[in-house]
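Student: Throw the hints in and build the complete structure from the sequences for me.
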Amino acid sequence: MAREKESEKGKISRREFVVAGGTVIAGGAVAACTLSDASASQASDEFPLSTAYLVYDSRYCAGCQSCMLACSLVHEGAACTSLSRIQIARAVLTKYPDDIQIHVCRQCPDPLCVRNCPTGACHVNTANGNVRMIDSEKCIGCRQCISSCHFTPHRTIWNQAAQKATKCDLCVDAPYFSKKGGPAGQQACVTTCPVGALKVVTELPSQLDNSGYDLRFAPEPQRGQATTSSKTGEE
Amino acid sequence: MTTPGFAGKILLVNLTTGQTSSIDSAKYEMYGGGHGTGAALFWDLCVAPGDWDLQDAFDPRNAVSLMTGPLAGTGLSFAGRTSVSGMSPQSYPVNWFCHSNFGGSFAPTLKMAGWDGVVVIGKAESPVYINIIDDKVTIEDAKALWGLTTWETQEEIWKRTGVRYGQEWQEFEKGHTLQRPAIVTIGPAGENMTRVASLVHGGGSGAGQGGFGGVFGSKKLKAIAVLGTGQIRVADPRGVRDAREWWETKWPIGPPFAGPEGSIPSSCMGCRRGCHNRNQVHGLDSDNCAEQTWYNLAPPHKGTPYEIQWKMTDVAQKLGLNAMETCFMGPMSFEVPKDFPIQPRIPAYTALGWYMKKMYDLGVIGPGTKFDTSPLPMADIEKPEFAEIYGLAIANRVGIGDLLAEGTARFAEKLGRLPGDFDVLLRLTAWGYQDHWSMPTVEWAYGNLMDSRDINNHDMSLGRKEKYTCEQFVKILASRTAPYNDPLWFDYSWKGERAYKTGIYSDRKAQWVAWHQHYATYYKESVLLCDWAFSNLFNENSPDGKGYTTEAEPRFLKAVTGRDHSFVDGMEIGRRIWNLKRAIFVMQGRHRNQEKFAGYYYRPGASYCGYAPELPIFDGSKWEWVNCRELFFEDKGVEQWKTAFFKVEGWDPASGYPTRRTLEELGMRHIADVLQAKGRLGPA
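Sequence lines, in order, name chains A and B.
The first sequence runs 1 to 235 under our numbering.
The second sequence runs 1 to 684 under our numbering.
If you're looking for bench data, these hints aren't it; they were derived computationally from the structure.
Incorrect hints may appear among the rest.
Simulated pairs of lysine-lysine, DSS-like, Cα-Cα distance not exceeding 27 Å [what the hints assert, rightly or not]:
hint, chain 1, residue 1, chain 2, residue 2
1, B, Lys-311, A, Lys-95
2, B, Lys-174, A, Lys-164
3, A, Lys-180, B, Lys-250
4, A, Lys-179, B, Lys-558
Covered by chain A, per the in silico footprint, the following chain B stretches (three or more residues, Cβ under 8 Å) [to be verified]:
hint, region
5, 158–170
6, 178–186
7, 229–239
8, 242–249
9, 279–290
10, 530–543
11, 662–669
Covered stretches of chain A (chain B as the covering partner; in silico rule of three or more C-beta atoms under 8 Å from a C-beta of chain B) [said to hold, decoys possible]:
hint, region
12, 73–80
13, 99–106
14, 162–168
15, 173–183
16, 198–211
Since the model is a prediction, treat every value here as computed from it, not as a measurement.
Where a beta carbon is used, it is the ideal one built from N, C-alpha and C, also for glycine.
Tutor: Quick look at the structure:
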């Protein structure tokens with residue numbers, strides 16, 4: 001199996017699948033690289049497209065990281081930012097919109113993490129909407145999926161204690177989630193986000209740059225009355 | 001085995017010796033975490049050795065602890081604050097053992113690093129900061145950070161690592177992370193050991209009350225930085241997420257307060273509230289509360305434009321000033337009768353900026369007096385430059401700033417205005433804190449008196465509820481105050497015989513205040529549920545008006561810790577911590593005779609700033625809403641209330657000292673032994 005994958009890998013120029021090397025910066029920055037081949041946004045026979053994609057609205061993310069804590073809880077049974085498969089990185093002293101960076105697994109059309117996995121642990125789960133996910137029992141901790149991920153930072157997650165890799169599975173295999181997960185079900189991060197800044201879509205987002213997953217759908221934040229500070233200062 | 005929700009160990013740092021060590025948390029779990037554990041650590045490190053008089057908060061022997069609660073970082077909302085405990089330089093006239101807390105991401109990060117808290121003793125020879133990366137703890141040179149603002153300090157510590165946070169994974173022995181260290185630091189106000197200095201984390205998660213910034217400064221401790229890659233274990237991960245969803249669905253919360261123009265709400269780690277801000281200009285990460293009024297002048301001055309308020313908010317945060325204590329308290333002011341000595345309006349609390357200006361207007365300070373107001377450009381008080389100079393003068397103890405840096409009560413004392421100004425002009429608690437519109441909700445005022453600071457009691461504030469009759473309302477409150485469930489606790493009768501029978505001087509009010517202190521001491525200060533959401537006795541979004549208190553707290557705690565504690569079991573932990581605190585106060589010299597309100601509480605006008613003046617009154621047969629704006633205390637009544645309160649607590653009514661019986665009942669024989677040896681144990 002592993003050898004087959006290795007040989008197949010040679011057929012495809014890696015460059016064709018390098019979508020972007022940059023960072024997704026909330027609300028603004030655009031990736032440096034774009035596709036050199038439109039085929040990257042289409043399903044290959046080998047890797048059918050995922051039926052669901054986690055997208056976000058960076059404008060209204062509150063930076064609370066509740067999604068990260070929920071993700072690690074339902075998957076690992078413990079709260080841990082390092083093991084969350086969605087990563088929100090805050091820089092609270094930086095001005096909006098560069099104060100929050102959001103990194104989600106893109107469920108790539110051509111998943112190099114899957115392609116390069118030597119054991120088949122990282123696979124396309126055809127029984128669950130073609131989600132790209134890792135079978136931890138098959139994972140040997142070689143980190144190929146991590147080095148293959150062509151995004152910076154990589155979206156595959158390293159579990160140091162277990163010496164295995166994990167990644168977003170849209171909650172297909174979330175043993176501590178009391179809801180049905182997966183592409184057709186619910187996701188812990190989406191259900192927990194207090195501002196509605198995460199959702200799952202069925203259509204493949206644009207792969208042209210990093211903003212493809214940063215969409216505008218969250219409701220405008222509500223604000224109550226001013227506290228002790230009126231605009232005029234005279235109540 | 002460590003109880004889930006707890007990391008299992010507490011970091012002890014001795015800055016005098018430069019040594020760090022680990023304390024097993026298990027010994028302290030009976031105190032619940034947070035302030036409870038902070039109090040127990042203070043007892044063990046500062047009181048039990050018996051080698052000093054516990055009077056000076058700036059003494060290197062003062063132990064300052066930063067403790068997490070069991071729910072921090074688990075993904076439960078409103079639950080991630082860090083409690084700060086230690087002797088307080090702000091408390092007046094005695095530097096009482098005190099507490100404060102702050103939000104942000106510090107507590108969850110500390111627990112992910114494997115620590116329930118950090119306790120610091122001693123004093124470094126030169127400025128240092130403590131750097132924690134999981135189990136690795138180092139004491140780093142901070143000479144180059146000394147003098148920097150709170151924001152500059154954090155940026156500098158982040159910059160030193162050379163890491164592109166959020167863009168590259170950092171690999172450590174225990175795990176990898178994209179996060180940047182959570183840092184709590186002091187600014188110049190703390191370095192210069194002012195009594196009005198806060199600890200600041202991020203842009204504006206601050207622990208202001210207590211003046212712990214000055215304690216850090218006295219220890220030459222500039223900051224604590226922590227990065228954690230580990231896991232916070234919980235007993236029932238499914239239950240934790242479900243509890244959050246259950247609570248949010250059953251008792252939906254309203255939108256957060258308004259922030260600066262164009263800002264986006266942001267939250268502390270794990271919280272849904274959105275009290276803070278993402279912003280493009282000013283007010284970065286600030287909480288939308290007292291700090292945003294830091295520079296907003298009171299009438300007769302014109303109101304301060306909103307954008308300038310926020311710009312000045314950042315100034316206060318950067319300098320590390322306690323905004324509540326040093327502000328100008330403009331907009332929250334109340335009309336008073338024509339014969340009231342302060343005209344035309346009185347601010348809710350007479351903060352330092354307001355009082356300083358009042359003293360200037362009265363000719364107590366300024367030209368022709370012995371108190372030179374330089375470097376303050378008093379003629380330009382309406383210009384924002386004034387506020388910057390005011391802040392800098394205090395933080396750096398320049399000119400009159402040196403006097404102001406002592407805080408409002410000590411500033412008044414140095415001007416020779418005490419105790420007279422306590423009668424009308426200076427609305428401070430018995431221990432020198434801003435009154436914070438505690439009256440006429442007397443449980444807030446009594447709490448301020450029995451504790452050591454403004455207890456910051458937003459949750460209990462009452463007031464007319466349009467959808468409910470008064471009787472329905474008090475019955476709802478009673479249903480949520482287990483196990484007593486007595487509607488008469490909420491009778492605010494303050495005149496005549498009724499005041500003594502069931503009203504504000506009665507046994508009932510003593511029970512209510514005791515319940516309220518036990519609740520706050522455990523659930524708010526030790527479990528560290530945020531004051532913006534807990535407690536919740538009444539809830540207007542609930543179909544029957546009942547709040548989530550008594551239901552939410554035990555469900556959250558059970559999911560995280562696995563312990564089958566009832567709500568009342570938690571109240572008993574609160575009583576234990578409250579008794580331990582009482583023992584610390586008594587060892588510092590607290591006696592019933594000292595526990596007197598400032599003069600104005602005993603005079604008309606005490607409740608003019610009342611946030612919720614319409615309160616339930618029971619006339620012996622029926623309940624009705626009555627405007628209690630005229631409510632004030634009488635000395636005889638307060639003394640009766642104190643006797644009743646001490647009896648409820650099982651303390652000696654004559655002295656207020658704890659008794660052996662009560663302490664042993666709470667599993668604290670060792671506390672009783674020390675009090676007895678010092679002659680400060682109440683008679684059996």
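Student: Report holds or violated for chain A covering the region 530–543 of chain B, Cβ cut-off 8 Å, minimum 3 residues.
Tutor: Violated, because only 0 residues of the region 530–543 of chain B bring their Cβ atoms closer than 8 Å to Cβ atoms of chain A.
Student: Taking 8 Å as the Cβ threshold, is the statement that the region 73–80 of chain A is covered by chain B upheld or broken by the three-residue rule?
Tutor: holds (count 7)
Student: Between the alpha carbons of B/Lys-174 and A/Lys-164, is the straight-line distance 27 Å or under?
Tutor: With Cα atoms ~13 Å apart, B/Lys-174 and A/Lys-164 stay inside 27 Å; holds.
Student: Count the residues of the region 242–249 of chain B whose Cβ falls closer than 8 Å to any Cβ of chain A, and tell me whether that reaches three.
Tutor: holds (count 4)
Student: Would you say the region 158–170 of chain B counts as covered by chain A, given the rule of at least 3 residues with C-beta under 8 Å?
Tutor: holds (count 5)
Student: Please check whether the region 279–290 of chain B has three or more residues whose CB lies within less than 8 Å of a CB on chain A.
Tutor: Holds, because 8 residues of the region 279–290 of chain B bring their Cβ atoms closer than 8 Å to Cβ atoms of chain A.
Student: Can you confirm whether chain A covers the region 178–186 of chain B, using C-beta to C-beta distances below 8 Å and requiring at least three such residues?
Tutor: This one holds; 3 residues, not fewer than the three required, reach chain A with a Cβ under 8 Å.
Student: Three or more residues of the region 229–239 of chain B near chain A by CB distance under 8 Å?
Tutor: Contact hint for the region 229–239 of chain B vs chain A: holds, 8 residues under 8 Å.
Student: Do the alpha carbons of A/Lys-180 and B/Lys-250 lie within 27 Å of each other, as the hint requires?
Tutor: Since the Cα atoms of A/Lys-180 and B/Lys-250 sit roughly 21 Å apart, the hinted pair holds (cutoff 27 Å).
Student: Mind taking a look at whether chain A covers the region 662–669 of chain B? Criterion is 3 or more residues with CB to CB distance under 8 Å.
Tutor: violated (count 0)
Student: Run the distance test for A/Lys-179 versus B/Lys-558: straight-line Cα separation, threshold 27 Å.
Tutor: holds (20 Å)
Student: Between the region 173–183 of chain A and chain B, are there enough contacts, at least three residues with CB-CB distance under 8 Å, for the coverage claim to hold?
Tutor: holds (count 3)
In summary, the structure is inconsistent with hints 10, 11, 14 and 16 from the numbered list given earlier, while agreeing with the others.
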